Every structure is written in structure tokens, then in C-alpha cells.
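Following the hints, put chains B, C and D in place on chain A, whose structure we already have.
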Amino acid sequence: MSVAATPAALRVADLTVWQGSHTLVRRVHFSIPAGGVLTLLGESGSGKSLLAQAIMGNLPGTLRSSGSIEIAGQLSDAADSGARRRGWGRSIALLPQEPWLALDPTMPVIQQVAETYELVSHAGVDDGRDSLRTARAAARERAAAALDSLGLQAAAAKYPFMISGGMAQRVAFLATHAAGAPLMIIDEPTKGLDADRRDEVLALLLAARAQGMSLLCITHDVWLARALGGQLAVMRDGEMVEQGPAAEVLATPRYAYTQRLLAADPACWPAAPTVPVAPVTGPVIAELRQVSKSFGKHRLFSTVDMRIHAGEIIAVTGPSGAGKTSLGNIALGLLKPDVGTVVRAPGLARTAFQKIYQDPAAAFVPTVSLRCSLQDLMRLHALDWAMLESLLVRMRIAPVLLDRLPRQVSGGELQRIALARVLWMKPALIFADEPTSRLDPLTQQDVMTLLVEQARALGTAVLLVTHDADIVRCVADRQIRLE
Amino acid sequence: MDPHPIARRRRRLLALPAAAAVMAATPLAAAPWRSAHAHDDGHAHAAGPLGLVGSDVLTVVGPWEMTGLDPSRSGYMFARMEVVQTLLEVDDDGQLRPALATAWHVSADGLQWRFALRGEGRYHDGSAITSASILACLQRAQARPGVLQLADIATMTLLGRELLITLRRPFGPLPYLLTHYSAQILAPASFDARGNVVAIIGSGPFRIKSLSLPQQFEVERHQAAPDTAAGRLVQRARYISVARAETRTLLVQGGQADLAFSLDPPSIRALQDSPRAQLVSAMLPRTTIIKLNAGDPLLADVRVRQAIALCVERQGIARALLRDPGLGATQLFPPSLSRWHDPRLAPLRTDLRQARRLLDQAGWRQGADGRRYRDGQVLALSLTTFVDRPELPLIATALQEEMRQAGITVRVVIGNSSDIPAGHRSGLLQMALAARNYGNLPDPVASLLQDFGPEGGDWGAMGWHNSEVTGLLAQLATRPAQDADGGRIQRARIAAILQEQLPVIPVVWYRQTCAVSRRVQGASIDPFERSYRISRLQWT
Amino acid sequence: MDLKHILPKLLQRLLQALLVALLVGTLCFFMTRMLPGDMAYRIAAGRYGYDMVTSAAAQAVRVELGLDRPWPAALGDWWGRLLHLDLGSSQVTAQPVLLEIAQQLGPTVRLSLLAMSLSLLIGPSLGVLAGLKPGGWLDRVTLGLSVSLRALPPFLLGLLLVLLFSVQLGALPAAGHADHGGILLPALTLALGLAATSCRVARDAMVQVRASDYFAFALTKGLTPSQALARHGLRNVAAPVTAYLGVQMVMLVEGVVLVETIFAWPGIGHALVHAIFGRDVPMIQGTALVLGLMFVLFNALVDAACALIDPRRRQ
Amino acid sequence: MSILSSSSLPEMQAGPRRWSSAQRTGAVLLGAIAVMALLGPWLFAVDPARQQLDLFLQPPSLAEPLGYDPLGRSMLARLLYGSRLSLSLALLSVLSAAVPGTLAGILAPWCGGWTERVMAALADAVLALPGLLLVLLLAAFAPGGFWPLYIGLALALWVEYFRVVRAACHILLASPQVEASRLLGFGALYIVRRHLLPALLPRLLTLMRFGLAGSVLAMSALGFVGVGLQPPTPELGVMMIELLPYYREAPWLVGAPVLVLLSTLLGLQLLAPAQEVT
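Residue numbers (this note's numbering), protein chains in the order written: chain A, 1 to 483; chain B, 1 to 540; chain C, 1 to 315; chain D, 1 to 278.
With the rest of the complex left out, here is chain A (with noise of 0.2 Å):
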């Protein structure tokens, strides 16, 4: 890699992160020219955000780093990390990952955003009007300006929890961005986004470079990475396997790793089911009439008519705030329709109808092992181990992690265990609310593949809350969507 002559915008050599012994993240290099992106690849764990801790320097306690941190020419030793804090936000931003969190929920939003300007950037001072006053005056009228120039004009006097999440990620961007820090530190950005609001994060991180911004943006989407250009670099155990061009990278990628993660993204997958679409000839194991919801004033979707099949698999797609999980809850029985009826095939047992959740943590009993809840499953139904066994080897799942609480198991992992226990109480149909859009391509293409053959191979109906076009294409054998 060439390291222009010009003071890099952020330059990282020998960085190493450490717990006790154990190394995280192993004597990383690279750079970042002014004006450039790096992009940041890896599946999760691989230690992507611990390196952008370790840059920020807001590592948790527990953790040490060593190396050095050149930010627009400021050298620092990797340890001393009030050194970068100092620059927070003036030199060096960080995009936090969950923008909704990451705003106070308390504050409206015009108020976040013109406290960087008056307290970070000191706005007002920079024009000679030192008094308070005004200078608070005058971070309001460029925190509105900004919003506007982001159409969040609407938004400035809400609260956080007022706004979409698309929102409050362009606000948290403007807070972040107001003190003009040179250089950008985006994580994981896409995560969990559907279709439309990517393309919002992609174009306002475009326009963050158009401004002369240098980015180091950490992300799984292959197609972010791609979108973005610059450098590409790819992360694995806590060490940088490949870097170079993106196109270069993503076209012919070196290292087996970096194949893999890009076969991983959904684009690539093999187009069409291996098994040819099933006619949807199978019986009718539940049926919605005319059925609609709404919330408040909120109107979801009215009169919607579907027929749920067996062992097909129905994806129903729509933009954020459609009602798909609704239209999937009230096919489970969970949620009651304001109007219309739904049908349930006689015959089916009571648990015959399964959820897998988008957050699989947040689906286990918190307190006890996962042993210990899948036993009580067990003893409830009367379920044969044995199967429960032979799932988990299908799903690649070693046993030993059953003893863990749920907490202490990775999400993909976690989501594979929640598909062996749906799979378990053999059920006529899974609701799947986007069970990988939190996932990393390769889990999610794992989680997905597995679920998909599991569900032909029992010839269970699958109801697929998803966003990713792709993933309809290749796995569903009709879409619904909701508008």
C-alpha cells in the first residue's frame, strides 16, 4: 500500500489490543490518505470495532493496546489514549453503531446537534461573539441549518424516541460531524437496515467525503464497501488478512477468507432454490380473511388476504413500519386483527405454529443456561434429546455451548440454537422476523441456508420477514408485500 507524503488523515502502525494475554487484535497497519476511505470487512468477532475502540481510545478497561496512532500528523502512542481523546470530535468522530441508543433520550434533537457546534466547535467564538448568549444563538441557527440540509427540519424539536431510526442516524451524523473532525469513524452503519435506509446511510456518508472527509468505516455489507470505493481491508481473528483497492479486492479477491466473505453476501448466492419452487399445492394450514390493523391513528395495512401453504416459504417484504411483523404475529395468533378472520387448519397442535426473532438473545430466558431451558422444553412436551442432538449437529453447534447462559453466546450461534429448538417441536410453520439482519454475511448466509433446507426437509411453512431482495430471490417461493 503507498503511503502518500501528505500527512495521512489517520495512520495506525503496529496496533495491538490485548486482554491479560489473550491478543485480540494483532499488530495491524494501515493508513488512511486526507479525502480517503478505508473500509473495514470482517465477520463479527473478528475484532473490527475493538480496533476502532482502540483508535478512538475508548477501549473498556479491561483491555490494552499498544502501537502507534498518527491522526492528521498528531502522533500518539496507542496506550496514552487522552491523548486522542483530547481531539474527540474536533480531529477524530465516532458514528456510533446504534444511533437510537446513542441519542439522549431526554434532549430534543436540535439541542444535540447545536451543543457540538457551541461547546465542541465553539461556533460563536470562531465569529468574535464570545458572549454565551449568542453563541448559543448561533449554534441553534447552524444545528437547524444543518438539519435542513439533511430534510430533518421536521425532526429538530422532537425527541429521539419521536423519530425513525434513519432519522436519528442522520442526527447523530450531524452531532458527530458539527465540529468538523477531519476524519470519521463509522461502525457498522448498515446493520439491521432495510433496503431504502442503506441507501440514506451510503449517500450521506458520499456526501461526507464530497466534503473532504476521510472515513474509516467498519461494516459486513460487501455492498457498502463496494459502493464506498477507497481502500478495502478485511479482518479476521484479529488480524488484517488482505487490503488494497476495493474494486481491486472485491473483484479478485487473494485470500480464501475474503472469497468466502464475499460469496457470503446475499448478491452472490446461487440464484435459485435447490429444490425447484414447490407448487403451492400442500394443504392450508392457515388462512387470513380480509384482515387489518392499525395502531392509533397509525394504519398498518387493511384487507389483506393470505393463504399460508405447507412447507412453502412465503417472504413478506415491505418498507420499515408496514406491519410485517404485525401480519406475522396475527398469523401466529399473537396479535388480534382489528378486522377479518384468521383461520388455523384444524388438527394443527398448539405450538404447531414457531417464531425465530430478529435479536435471538432476546428470545431465551436470560437467568439459566441454555441446557436448562431446552431441558424444561423437553420435559414439557416429552421431546426425544436425542433429535434436539442431532439438529444442533446440523446446525454445527458444539454441545459445551449449552451450558452458557444465553448472553454469553454469539448472536449467530444463539440464532442457530433458536432454529434447532423452533425445529425441534416440529411445527407446521416458523415465522422467521428477519432472523439474520443482524448477523454477519456469513452467519447469515449459515443461518439462512439452514433454515431454508431444514424447513424443506420437514416440510414446514416458513413465513421470512426480510428486506434483502437478494435473500427473497433466492430462497422464497413467493413474496407478499405490504405497502
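For the record, the hints were derived by calculation from the structure and aren't laboratory data.
Please note that a few of the clues may not be correct.
With a Cα cut of at most 30 Å, we get these calculated BS3-like pairs of lysine-lysine [said to hold, decoys possible]:
#, chain 1, residue 1, chain 2, residue 2
1, A, Lys297, A, Lys336
2, A, Lys297, C, Lys9
3, C, Lys133, A, Lys297
4, A, Lys297, A, Lys426
5, A, Lys191, A, Lys158
6, A, Lys336, A, Lys426
7, A, Lys336, C, Lys133
A quick note: this is a predicted structure, and the numbers were derived from the prediction, not measured.
For chains B, C and D alone, kept in the frame of chain A given last:
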């Protein structure tokens, strides 16, 4: 401690010269603190940075709350703060003294009492003290619960400047009834149309400055008195009701209070060598007694009553709980009641062995569990007492244990003072521990008539009748209060009978102790607790 | 929050107030009725002092107050009068209950307010400081203090305070509300008791806020720790602390009963104890009623405050 | 922080739940108190009612580690019996407030609708009734009785549990974990046992801790206004107020019961799980 400050004190009984001597002299040397008649060491004390330095308001604290303006309720507080006057007064020696009435005499048959009323004099509101206003107050008092009902009054009329009271039966102590606060004289302007008291307008040396019921009121001199050579007289004073004895003590120690009344033994010890205050004390004719229901099958047998009396460790209780060994009662009447106290009486003893023997004789045999049984019935009694006087529950607890030693099972019921008269009426009461004030009226005969009359009394005998005592009391009642020594024989006989029959079992006597700030001098205790004598106090 | 949000809350509160009145009034009524001992004698004792109680006096009271009326009549009577805000008159002092309460409410409210504000001054501020360094020395010290304060009966605490401030230092008057500053010690006694718990609440809230994403974000935005604390910490800590005030109100009422007696503070708690002893049913009903309604009012205020602090509460 | 949750650190490995040193201290402290309260009366076999008036207020000695009270009774003996009585009474009343309170708190949001509204309104009303008044009135029924006090305390305390539990359950019952368990066919009992109780436990523990102290102090409050347990029953709260007047002559007397209560609280506080909400 006075957790239940609805406690009330009543006037104390005649303390005769002898009593005064007793008080001033020997026993007090023995008493655990030095008796201080406050006009002693002149060394005045700075009363703390905040305290009341400079402020010329005398602060009096006691547990009593004013539940109303009506004389029958909190009248005693206004009497003690010298706001109101009564028809007659009594001096330290218990002799009647003229007040609003200058002279009085009784007809030979003891039925016609004439009181010559003072001509001049004005109330605090400037209105004249007319005979009519006096009569009105007395008639009002007679119509309400209070001591006037003790005398069987037929009529009260005015003859010129004389008040004529006609009785149906002779009643010697009548003049003393007129010294009672419930018979205090208020100006006509004190009453509203319906006869309710709306203001306290008296004729005493102090007048009400401000009232905030139930907790405090402030008074100031009516006619500002000139400062004497001895020092500045107290011109303004206030009374604050402070429920807890600890708090009262702390107020004195903090220099916030100048007179503190009704202190409990621990507080007294705490104040003994306080730089800010000294202690003044006087023995008062209040005896803590066990009231027994002699009508109760378990207590009907005099031997059981005597056994109980023998269980009581009077000296021990006095020393441990009252911190004053001198207060262990040897008989019902304390020495201060010298006309009634009979030194020749064999003192009450504590003798557990004898108690056991008596119980055995009475047929109560001790069972394996230590309790005593008679044909299947267990000797278990309830002892009712109340918290108005903090020492009572403690004494009750002590008695409970002492009786247990003799095999008598006692259940202490700590309730409300009123449970005792109520229990007396319903006849369900077995034993009660109460402090009986024989100074309720200056002449104990009236009280004794209540207590040991034919059907007993709320605070006296129960289910016990002794025609001899009744007769003797009747004789004493009819003879006029003046002739000091008449009826000694009857008194001695009564005392003897009570000592032997034990309708009530005396436990301990009582001593009033008051903490006096060193900022003032001239403090002394009124043996009748009629007055705090603040008009005599001077700043040092 | 606009009217259409407030109105339902208001109605709910009114309903609660009504329920409280119903429950408190009736409960007190029956309990005092069922209490052992003869009411006439009790009241007589309350009026004329204990050794002036004679059957004559009791009988007079019985007749005067019509105590031998059947209870439904008495209760119905009480309700009827309550409708036009007449709580009857005290059986001991013969004063109208409303008048008495009006007299006592002032001091109690003053005392409670001062105590509350003192506790808010002491507790949360310490709590926040402790929460900034969980496990730090301040955290341990405040924990120890709050535990010991919780184990100390109010009257003992009050006594210690008096001994220290009044007797030793002579800095403050021990009691007697007439004396200037006499309110300080009782208020402090109550305040310390309250601060003992609110301190911990604030501490835990602070720990949570410090761990929150938005606090971290405030820092990475470039705010200094103190700025982040001032702008994003305190407000978010304030929410749970304010919500907790509702619970503290209960403690306060209980504390007031004891502390007022200890410090001879002529308040409503003091009056309540008296009324119970004197079997002064109208007073008991009245005081309990007022205390209950005060509680409702206070909770309504707390809700409003919470909504003010935390917009999410407004939905 | 969420950034961490996605990466799997070694600290995420499962391990046996270890007790902090503080918790161990707390356990030891409570153990000691339990032993004292339960076995004490046997270890130190002195009749707490036995009074020797001439020994009143005798300072501590080797034979009598806490000296004698104003009635010349062995203070240590009274303290031991008192601790047993008070702590068991407190525990009993707290439990009998916590159990129904918690159940009601779970039931209300479970049923929802009018049931919940009515229960909530009732709870509010009870809450508004000063607890002390309730206990006072009940205590006045049978002066010196044990049960009225116990019932009064329980009645005054249950509401807090109801409020807290109800608030928590509203969130929990709507959570995916409960939804999933329902779909898997688990019944109400399981959901209560596995989902609700574990989540509620920390809060409940806190409340119970407060309740424990509260009820002992309530006892002293009752003693303060003269309706405590019947003498000569030794009871910590009543002892506090009975011995208060002697704070100057014999501070250790009033100090002892306070100390017992204090160390009990301290023990509970230390034992409490770290994430517990205070």
C-alpha cells in the same frame, strides 16, 4: 418520658409546715441531688450563644397540652402562669388565703357559706370584677365536670357584695373546692353568646399576650412591676408544651428553657451538675398505688391482697426506677401529708416467703410450672396501667416480675388512663397501677370520700366496703376545714384500716422536680402545683 | 404536555382522591369504633385529664356526643357532612376539625417541604458523586451512611442531632417552633432519613447513565466529562430520583409523626397520635384524610415533574 | 456498550457465579446474627425476665457483657431474645407482605383491563393511608398483642411490592422471551418461575430489605407512642425507645439494639447482588 402528653397534673395537697421542713431539711440531703431553693449561689451563667441570652422572655416547658380554653380543660395552665385567679388561695402551709374573696364564714349547721367579695379590681380587659361575673363563672363551673360537683350545692346567690352558697349536706372542704382551677374567675368578655370560652381574660398579675393552642401561649405582666434592688423581675413569659422528657431536658441544657417541669429520673440525673440549670424539688402527696378489685373471686381473700403487698419491693423500685430511695411507700399517705401520715403504723414490708405462705394458706398451691393453682384454676391476674406517667409501665413491669416470684401470673395491659375508671364501672378490672393524687383537692377528705366511699371510687377501692371507714370519713367531711387538729383519731383509724385491709396497695410516693435555669433566681415549687410563681422570678 | 394529555391524568387522580377519602374515612371510622375501651371514658380523659375522669364526666361526654348512636347513623352522618367539606369537630377540644387541621397543616407542610428540599440537596448530589466512581471510597462511605441511617430510629437520630447542634455547639434551638430556626433540626432529622435512600437511588441511576450509549456518545462528540454530566447525565439521573419521591412521601409521613413529637412541633402527625389516644374519631378521620389527599396531590406533582424531565413519560 | 456485545471477548465465557468479598462478608454477618438470634438464648442461658432491682444500670462486666437494664435484668439475655423475636416478626411480616403483593402485582398486568384498574386504584388508596396509622390502629385493638402488629405491618407493606412488581411485569410480559415461551407452549407457572421471578428478584430483595428495617423501626415507633408489645417481652424496637432515656448514663443499653438492627441491614446490603436497584 411522656409519650402520651395528654397527661394532666392536678393541684397538690396541703403541705404543712412540717412538710416544708421535711422538704428543706434532712431527707433531701439523702436525696440523690442537692435540694436547691434557687435563691442560692449568685454565679450567673451565660446561656449559650443561641439560647435566650438577651431575650427577656421566660420559657416554661412541661408535658401538658392545652386541649381547650375551658377552665375544666386546661384551666390549670392559665392558673399556673398566673393569668387567672380563684375565689380563694392556699399558701405553702395549706392555709386558705383571701383572693377574690376577702373573707368567708360558715353557718353553725355547716350548710350556709358566705364569701365576702373584693369590691375593687379589674380584669385584664379593664372591665370591673363584678360580683355577678364571679357568680356566673362559678355557676358555669358547677354545671360542668369538676370538683364543685363534690359538694352537694343547692344554690349560689348574691347578697350585695357577698356570695352565698347553700349546701344540702354539710361539706367542710367547700372553700378548698373554690381554690380549684375549674372554679377560676374569667371576665364576662371571655365567653361568647353560647357560653363557650373564647378568650382567657383573667385578673392575675400576667395577661395572655398570644395563644397558639394546643402547644404554647405567651403572657406579659399586666401592670409592669418596677425592678427591685435584687434584679429585674420577669415581665414576659411563655409556656411551651414539650411532650418528651428528654426534649425538655435538652432544652434546659441548650439554654432554651428556664423552667422545666415533670422531669424523669434519668433526665434529673443528667441535669444534676448542669452548668445551665439547677434542680428544685418538693415532695407531693401523690402515691402510686395498685388498685385491686376485691370483688374479683381471685382477690376477694385478704390474704391474697396481703401476699401481693408483700411481693412489692418498694425500696428497690424507688431506688432503681425513681432514683430516690426515700420514695418507697411505707403506707398510703406520704410524710408530706403529715395530718394523715402516721409514723407509728407498722411500715409495709417486702417478704416473699411470707407472701408464699399466705398464698398457700389461701389455698393457692404452686404447680410444677411455678404458677399457683386452686382447684384447677390458675392464679393469673391482669394489671392495667397507662403511659400518661412514663414511670408507670416500668413499675408495672417490675411488679409483674416480683409477683411472678411468688407464683402469681400477671399480664400487664398498657392502655389508656380511662380504661381504669371504665374497668371500675364495668367491674372487669382486676388490678390497676395508677398514681393517685390526694392533693387533687387541698383537703384529702374529699378525695378519700371518692375513693373509699360505699361503692368505692374510680381511683380508689373496688369491690371493697368498710362501713367504719365510710362513717369516719363522713364525720371528717362534715366538720369545717379550719380546726386543724380535730379528727386526728378518725384519720389515724382510717390510715390503720387501709394499711391492714389494703383495698389499694401503696407502692411509691412522688417527688416533683423542676429544673431552673441559672439565668433566673427566686424559683420555688408550689407544693400544690397551683402556680409556677413566675411573678416572683428575677433575672440574675 | 398539552391539555388532552393532562386531563385524563387529572381525572384519574381525582378518582384516586375520592377512593382515598372513602377508604380512609370508613376504615378509620370502623377501626376506632371497634377499639377496646369505652370511648366516652377515653374522650373524657382526653378532655379533663386522666385523674379527673369519673363516670359522671364520661356520662356527660356520652350524652353530649351521642356516642351511643348506632354506627350506621354516625357513619352516614360523617359522610353527609364530608360532602359539604365539614369534617365535624374534635371530640376532645370541641374545635372544628377543619380548623384544627388548618392550624396544624401549615407547620407540617413547612417542615416537610424543608425536609424534602434538604434531602434532595444532600442525597442525590452525594449519590451522583458516588455513582461517578462505583466502588470508590465515596461510594462505600455513602453506602455505609445510608445503611446506618436506615437502621437508626428517627427519634434517636433527632436526639443525637440535638445533642450535637444544640447542646454541644449551641448552634441551633433544640425544639419549640416559636424559636427562630427551631425548624432546622426536625427538618434535618427527616431529611437525613430520606437522603439515606434517595442517595442510593441517584447513585444507581448515575451508574446506569454512565454505562449508557448516549453518555458515551456525548463524550465521543467531544464534550468534556463535566459538560456531558451537566447536559446528559444529571437530567437522566433526575428522572428516577424524582419518580422515587413518590415513595419517599410515605416515609416522610411516617417520620413526621415521630419527629414532630420529639421536637414538640405542632403539626398534623403530632395531632394524629393524640387523636388516636383520645379516640377522637373525627380528628383521626380528618387527619388521615388530609394526609391521604396530600399524598395523592404530591404524587400528581411528582408525575408532572417526571413528565417534565423525561419526555417519554408524556406519551 | 453495544460495540462490545457484538465481539466475543474471553470474559464472555461461561463460569460459575462467584461471590464477591462484600457478599461473603454480608453472609458471614447475617450468619452470625442468625446464630445469635436462634441459638443465643440457649448459649447464654439467663432468664430475660429475671430482675434484680439492686443491680439496675450496672455497667458491662465479664459475667454480664452488656450489663443490666434499669430493672436490673440481664441486657444481653434481653437482647438475644429480643433479636429473635423482632427479626422473626419482621421477617414474617415482610414475607407475608411480599408474597401476596408480588402475586397481585403479577396478576394485575396479566389480566389487564378492569381487574388491573381496580387493583391499581385500591393499591393507590391503601398507599395513601399512612402505614403507621394502620399499624397504630391495629395495635390499639389488642394492646401488647403480637398478631395485630404483624398484620398491621403486612397490610401496610404489601402495596409497595404490588406497585414495583406490576410496573416490571408490564414490560416483561410484552417481551419476546415471554412470547417465545408462550409459543413453545409453556404455561403461566413456568413464565412466572423462569421469566418473571428471576427478573423481579433484585427489586424484591431491595424492598424486603427496606421492609425488614422498616418493620423493626415501626415497632420502636409504636413503643414510642406507647403501644408496643406487652412487657416484659423483649423486642428490639421497644427496647430502643424504653432505653432511650438512659442514653446518657448507659449509652450501651440503647446502642445494643440499634447495633443489631444496623448489622442486620449491613449484612443484607452487602449480600445483595451488585446490579440490584436500591
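We went through each hint and held it up to the structure:
| no. | hint | result |
| --- | --- | --- |
| 1 | A:Lys297 - A:Lys336 | 17 Å, holds |
| 2 | A:Lys297 - C:Lys9 | 21 Å, holds |
| 3 | C:Lys133 - A:Lys297 | 46 Å, violated |
| 4 | A:Lys297 - A:Lys426 | 39 Å, violated |
| 5 | A:Lys191 - A:Lys158 | 24 Å, holds |
| 6 | A:Lys336 - A:Lys426 | 25 Å, holds |
| 7 | A:Lys336 - C:Lys133 | 48 Å, violated |
Hint compliance for this structure: hints 3, 4 and 7 are broken, all remaining hints hold.
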